[in-house]
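A.B. asks: Each protein sequence line maps, in turn, to chains A and B.
If you use the working numbering, the first sequence corresponds to residues 1 to 532, in order.
If you use the working numbering, the second sequence corresponds to residues 1 to 157, in order.
Everything labelled a hint here was simulated from the structure, so no lab data went into it.
If you're wondering where the values come from, they're calculated on a predicted model, not measured in any experiment.
Be aware that a few hints might be false.
A few chain B residues that face chain A, going by a derived Cβ cut-off under 10 angstroms, partial list only [claimed, not checked]: (1) Gln85; (2) Leu88; (3) Leu90; (4) Ala102; (5) Glu107; (6) Ala113; (7) Pro117; (8) His120; (9) Ser123; (10) Ala130; (11) Ile133; (12) Tyr134; (13) Leu142; (14) Thr145; (15) Asn149; (16) Ile151.
C-beta: ideal position from N, C-alpha, C; glycine also.
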Amino acid sequence: MEAAPGHPLEFALIVGLVLLVLTGVVAWNLRKHQRTASEYYLAGRKVTVLQNASAISGDYLSAASFLGVAGLAFLYGFAALHYAYGFFLGFAVVLFFIAGPLRKFGHYTIPDFVAGRLHSKTGRAVAVFCVLVISLLYAAPQMLGAGKIMLILLGVPYEAGIAVVALTITSYVVLGGMRATTINQVIQFWVALVAIFAVALSIVGDGNLTYGEVLAGLRAAEGQGSAGLDALTPHSLPATLSLLVALVLGTAGLPHILVRLYTNPDRARARWSVLLVLLLIGSFYLVAPYIGFVVRYLVVASTGPGGDGFSQPLLEWLALDGKNLAVPAAALHFGGSFGLGLVVAGALSAVLSTVAGLLVVTSAALGHDLYYTLYNPQADERTRVLVARGSTIVMGLVMLMVGLVVEQMQIAVLVGLAFAVSASTLFPVLVAGIWWRGLTAKGAVAGMAVGLVSSLALIFGHGLLPAWIQWENPGGITVPLAFLALWLVSRLDGNIPEDVDRFMVVVHGNREERRLRSAGRLRSRRSFAEMK
Amino acid sequence: MTPGGDEAPGNSRIPGTPGAPGAPGASDGSSEAYLPEPPNLASSRPRPQPLLGEQRRTVREHQLHSEAERERAEEFHVGAVMLRQRRLSLLAAGMLFGLVAATIILEDLFPGAMNRPFWHGFSPSFLFAAVLIYPITWVIALVYTLRANAIDEPRDP
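If we strip away everything but chain B, and leave its shape as in the complex, we get (with noise of 0.2 angstroms):
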């Protein structure tokens, strides 16, 4: 079975693509000409940063060599998609729960008024616990699923 099901990346070469065999300049990671060395990718191996720019432009356009180097090249593409990924989804979690934790604690504190009839016999705590909760979870996650799909498929460059 492949791990990944349906969606595991294949290793096979894509046809027409810079690199692909049989495009111009492709190579089969033989080659001994010097090029240099992507910035950041160094053997420091520096904490994954979003791949943006100089860099990404760098890891797409020189061929690298060594396993090794393809290796960093590797962790620090992939360190960055996390990385883009983490914020994405705390920051989404931050909302939601911000939300709702707001509303406990304003409750604890303020119970007179959060608990007050402000609107058809609804009250602040009521209105926000048994209603609004519901579409405000629906448009945060709709805004994280969307963006998450862009983040692991972007558009081609």
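Only chain A is shown next, with the shape it has when bound in the complex (with noise of 0.2 angstroms):
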């Protein structure tokens, strides 16, 4: 088997087995760790900082951004920019405005915060449906690129490959639950990382090519005039800003990030949790387009005279796909086979660890928030552990199936459309549910539903849209619309919970509030669940 020119795979199949062996023998030694539906939906609450930090970072470092975005500064050059660091920045407003309030809360679910928040079971329902939604369309390019990264990279036919990566994530999330998919994406995550960087530093130290001498060679060769280099903005600027408070918000909205934080023993250490994620996650979208870059002008330098870049068969096999082959490409030429063999590991751990988180989600939204909350409150704990797994089981075969359906799609309108969709329907309803008293059921469940109609609208009408509004990605007209009709109809409504201020004091109060009500210079509170 050769799927790359001139190494053979051998290395790198060894690399994605071992990776795969290793996922399934954590995941066996926590199988009797899951007695409570705490211990296997949040891992009993007891997830350190530096662990939920990197599993957070695991949880979203998927394939799309571990090949993706290194393989848009190659295609697209400068533009490119703009989904690394809004990826990113994504987490700052995570931890501006959700982190604390949100893990304060506690619970499950975001739709768990939703019914609280509102006592609405119409608003825990559409919430669901919004979750289901938004996970199920961020699986799919997971699934596809699985299945892609399989086929070139390691020759596996896509059919073979999604149901591996599938049967994998179920066995290991039904087996060993929060708790071993925390650990699983905390050594995936790592894997990822230290490949990236070890693609990165061979380049700097056997290739002698910083960013600047980059920069510099490829303004030099393409000239001045180069759209790809000397435009940050190609597209026009509402068209970027709209791309952006997509990426941002959309990343602040997505469910199997945010559940995460309810890991954390409290508030403090969920905020410190994000604070190191912007750290990690910086880090890889600080080197990731760097390497793009390195690739283009290798491109550029291998057709110029002197002919100093790739190998003709190299520039071949990159031009298969070149969004996802920039990494592999630049670390066979640096590396060779123990670099493919690295990033083939890499790439492997992104897939595994993104599916495993939005599998954990999914599963939680049938089995605690649609089975527990909604049809059999009374369920035992036992009861609750083993439909959560049947959960998970049946989650994995949708996602199979989602796989399957979407080869032919591509990543990129997938990607955009579970972002777009998340930050106009999850988003706003967590930031008005923590700040603003004024929200009502009614109002929630509106801006859901206008976020969620509107943004699959402009995606799939694209073309019917005026062209002045024919944009990469429509979260700058979903999003505001979501937010009015939230605003609007809870205005109209006027039907605010009784128990809002309370609700304010559990997510926002402090050691100084104890205190006073320890002293009884505030009134006695029941707990949040005697309220409800």
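Combine both chains into one complex, guided by the hints.
C.D. replies: As structure tokens, then:
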């Protein structure tokens, strides 16, 4: 088998197999620790800051990021930077507006938050629907990417590739729940980060190509008139801002990321976790575009007069799928089979960790939000864990089918869709729920519904829009629309939950408040569960 | 399950603190003794403002008797904490996203200057978007985290 030019793939295959076996071993060892729903969904809320930060980063660092950001820099030049820092800045919004209060609220899922804040079964049901839509939209490009990676890098047929990925992830989530998922995500994130840094360091070390030299070389070779290098915003200003709105706020509304904040023991540690995520993810997005620019430089150099760049077979291989093969091509050029093996491990890790996070959050939506809270609130812990495991198997099968259905679709369209829907549905409700007392159940439902419908309509009906708003991503329209609907309907409705002030005490109260309460200077309070 | 997980504030009184059972000045809340009404905690229910100086001292030192009084004090106190957190969040987000928006707008207005290499092949807009945005965000996020956690867990007066 030899999918990459001139380099046997045995090492890459061995690395991939070791990774798969390792995840299985971790899950098997933790299979008996999943006795309660809290253990299964939230790892008993005992995840440390470093563990959670690594796991969140692993959750977020998908194959689309691992291979795609460098690929975009290779193909489109400076404009790709919007994707890199847009993905990154989403966590700043999580830190500033969501992390602390959401963790203080507690519970299990994002629909729990909607239901707890607004006492609305309809609100919970719509939130569950949004979680499922976002997660499946986000899972689709992951499965598609996984299948393509297995096909291009390892020569495994597409269908077999996604079947292996779905089976592996479903098995270890069913066995080990959130704790096994967390440990595997930690391992997988560090494998991916080490892989990308190893490629970057090999470029600096072996190729002696610093960032400045690459940029200067590209400018010299492509000339000042090159659109790819001279414009950070090749599209119109509103289109660029709309894309950023979707990327930043979409990240801040992704349920599989937010639910991890519940796994920290307290609010302060949730904030420290997100800060560490910014450091880890930022390091990745600092390096990934650099690799893309190096690949672009080597392609230009290999076609120039000196021919000092990629070999001809490597150029032909890169032409198969430029977006996904930029990082593997750089790894092959500078690190040979060992470098390619590392990249395969990194890409596979990125796929496994992201899909596992999506599987946990979707199974919680079924097992906790639909079964336990809406259908059978009297279920005992054993039954809840059993249902959680069953939900995981169901969602694993659904993701496998999603992967098969989207084989011919474009990854970029699917990713854009997931971010637009996330930014326009869950994000407005979360922010308004945490910071605005005036939010009502009807307002929240209207906001989510308008956000969902408008983002789906504007992406699938992209061609029907007037030319001046045919933007790459409609977040700039759909997010304000969702906020407007949420505000307007809440104002018209006026049915603010009676316990809104107590809710605010729960999510914003501080140590002084607790001391005053203990001293009898503030009213004694029932627990939030009693309030409900 | 206790909402808030392990962090949910308990209702138990802290031994040794004023107002705790057995402590000097402890009260079960049934005393009818007159105490002056704390400023700004009256029935008009003003918009919460930061609880500082005299107001904070008043809430701490006076025993509030009726549940309604305690409720207003609670809303007042939490409203003040919420306001401080919201200001901090908006300030941090405003600084960070103001810089990003300014870079993009400047690039749109002055593409020549913003895309001209000025240092080791880097143009101003590229240097910001590819490199500087990360350390700037890290610094703002670190300061935010320290301050936000300090608001949540203030030192004892």
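A.B. asks: Each hint should be assessed against the structure and marked as holding or not.
C.D. replies: Verification of the supplied hints:
no., hint, result
1, Gln85, "holds, 6 angstroms"
2, Leu88, "holds, 8 angstroms"
3, Leu90, "holds, 8 angstroms"
4, Ala102, "violated, 12 angstroms"
5, Glu107, "holds, 5 angstroms"
6, Ala113, "violated, 12 angstroms"
7, Pro117, "holds, 7 angstroms"
8, His120, "holds, 3 angstroms"
9, Ser123, "holds, 8 angstroms"
10, Ala130, "holds, 5 angstroms"
11, Ile133, "holds, 5 angstroms"
12, Tyr134, "holds, 4 angstroms"
13, Leu142, "holds, 6 angstroms"
14, Thr145, "holds, 5 angstroms"
15, Asn149, "holds, 5 angstroms"
16, Ile151, "holds, 6 angstroms"
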